[in-house]
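Participant: If you read the protein sequences in the order shown, they are chains P and Z. Throughout the first sequence, residue numbering follows my numbering, covering 5 to 266 in sequence. Throughout the second sequence, residue numbering follows my numbering, covering 40 to 285 in sequence.
Hints are not guaranteed to be accurate.
Derived contacts from chain P toward chain Z, CB cut-off under 7 Å, selection only [what the hints assert, rightly or not]:
#, residue
1, Lys10
2, Ser14
3, Glu78
4, Gln86
5, Asp265
Rough simulated footprint, nothing fancy, chain P against chain Z, three-plus residues with beta-carbon under 8 Å [to be verified]:
#, region
6, 89-99
7, 113-120
8, 130-137
Hints listed in this document are in silico derivations from the structure and should not be mistaken for laboratory results. Given the structure is predicted, the values throughout are model-derived calculations rather than measurements. All residues carry an ideal CB built from backbone N, CA and C; glycine is no exception.
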Amino acid sequence: MNMAVKVLVSQLRNVARNRWIIGYAVLLFAVTELLLRFGGGGERALLSLLNVVLLLLPLVSVVFGVIYVHNSREFIELLLAQPVGRGALYGGLFGGLVLTLTSGFVLGVGVPLLLQGGGSPGYLSQGALLVLAGVLLTIVFTAFGLAVAVRFDDRVRALGAALGVWLLCALVYDGIILLVTTLFADYPLEAPLLVMTFLNPVDLARVALLLSFDISALMGYTGAVYERFFGAGGLALALAMLLVCAAVPFGAGWRWFKRKDF
Amino acid sequence: MTAVPSRVELIGLRKRFGRREVLRGVDLTIEAGRITAIVGPNAAGKTTLIKAILGLVRRGPGDGAIVMDGSRLNGECAYRERIGYMPQAAQFPEYLTGREVLDLLMGLRNRPPPPGLDEELLDEFRLRETLDQPVRTLSGGTRQKLNAVVAFLFRPSLLILDEPTAGLDPVAAGILKDKVLRAPSEGATVVLTSHLMAEVEELAQDLVFLLDGAVAWRGTVAGLLEQSGEPRLERAIARLLREAGR
């Protein structure tokens, strides 16, 4: 465990100085600032920000994870030639990436959110929830990125797979849900839809946040089902489920990493 | 971590990547305190052999055994404390400085070796002034020097050098070669690969000739020269290849 922490700290140092990460934080800062200033204030700005978080964060996390691991390949080999277990090394890599990406996000979005202060009464708690969901999404998609990078040695394939994961979660999955609802419109679909939403981290985060924004009526069928089933308790459940969503790719990547021939 | 060089035994070592059989039963003893060169044509399995010793390449139950200093390597990582490895292409995290890289590697070992770290190369390569620069700003040759420093730093009892002088200028290559030649008296067994036969001739005492994933010839460098009747190792190796029908 100790070893993992040492790897993590050095990864932190390395990634935090990476200009892409710095650019990422600055970009998020600018977007948040703009939305809060000109996006119609309070809840509406948060809603626009939500869409940024739901699309941009997974994309950045998964792609950066893949590229980072591929670029570090030789150094990972050198580290594996030291007295370090593979599990500790993988944990350290993952932790370092998650912490830096998360800090970039929290600084970029959190600081302007705090600076702008409250418009509506629920503003701060909604903002905090947005940040929390963003952090969880970062963890999930970094785990995907690492797993994909370990599985595919070829850069192009790995990037393709990473974009595939992102497309699937961010866009295609909703299309499938839509298709299912129209195809099986005559059947009671609440339960299957609920299950389907639970399997996609982006949908989960969206639902969790929209429920708290109290506008779930606007978000269509999935949200309506959610509202009815969970009320307030659904939020905790959805957030917990996001952690499970992170555990699956992390576990897969961990296994592949342990068995991999370098 | 003492000054006793390691002895490594490979017993029926096999490795396949998918359908391709890269190592087909390598039996080999790397004697303690000697410099052994592993040579062979491209794709003969040299790198895979080295990586198997390092544990970078995974072995299944039927893939033979590696015994280092009397104990069988079984997937634990502690034995690597005794190994210094210099990979062919050095690449370090871009935004770290050389010193941070060294600190990390030191942190991964429980304790420094008894007489302290071996920083000879750091001085001979005059690397100390560049240690505080981010690695990304260093030239390829300088990175390769750092790579060499890392291999020797912890006074390993087994040194594994993959094409050690590739990318080094003649002066640096000379410094490194002198260091390698001193290694046995400093308590290390050396295993190196190189496709520069002049370098092998200069450095190695023992020679292992790999062909298609198996040991085609092994013995001393002097012995091979004598047996082939050729004046230079390059010719002698070429003759081995011809005799093997290649």
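Participant: Work down the list of hints and note, for each, if the structure agrees.
Facilitator: Results of checking the hints against the structure:
1. Lys10: holds, 4 Å
2. Ser14: Since chain Z brings a Cβ to about 4 Å from P/Ser14, closer than 7 Å, the hint holds.
3. Glu78: Where the cut-off is 7 Å and the nearest Cβ of chain Z is about 4 Å from P/Glu78, the hint holds.
4. Gln86: Hint holds; P/Gln86 Cβ to chain Z Cβ min 5 Å, cut 7 Å.
5. Asp265: Given a least distance of 5 Å, the restraint on P/Asp265 holds.
6. 89-99: Our answer is that it holds, as 6 residues pass the Cβ test (under 8 Å) against chain P, meeting three.
7. 113-120: With 5 residues close enough to chain P, the hint holds.
8. 130-137: Per the Cβ count (6), the hint holds.
The structure is consistent with each of the numbered hints, conforming to all of them.
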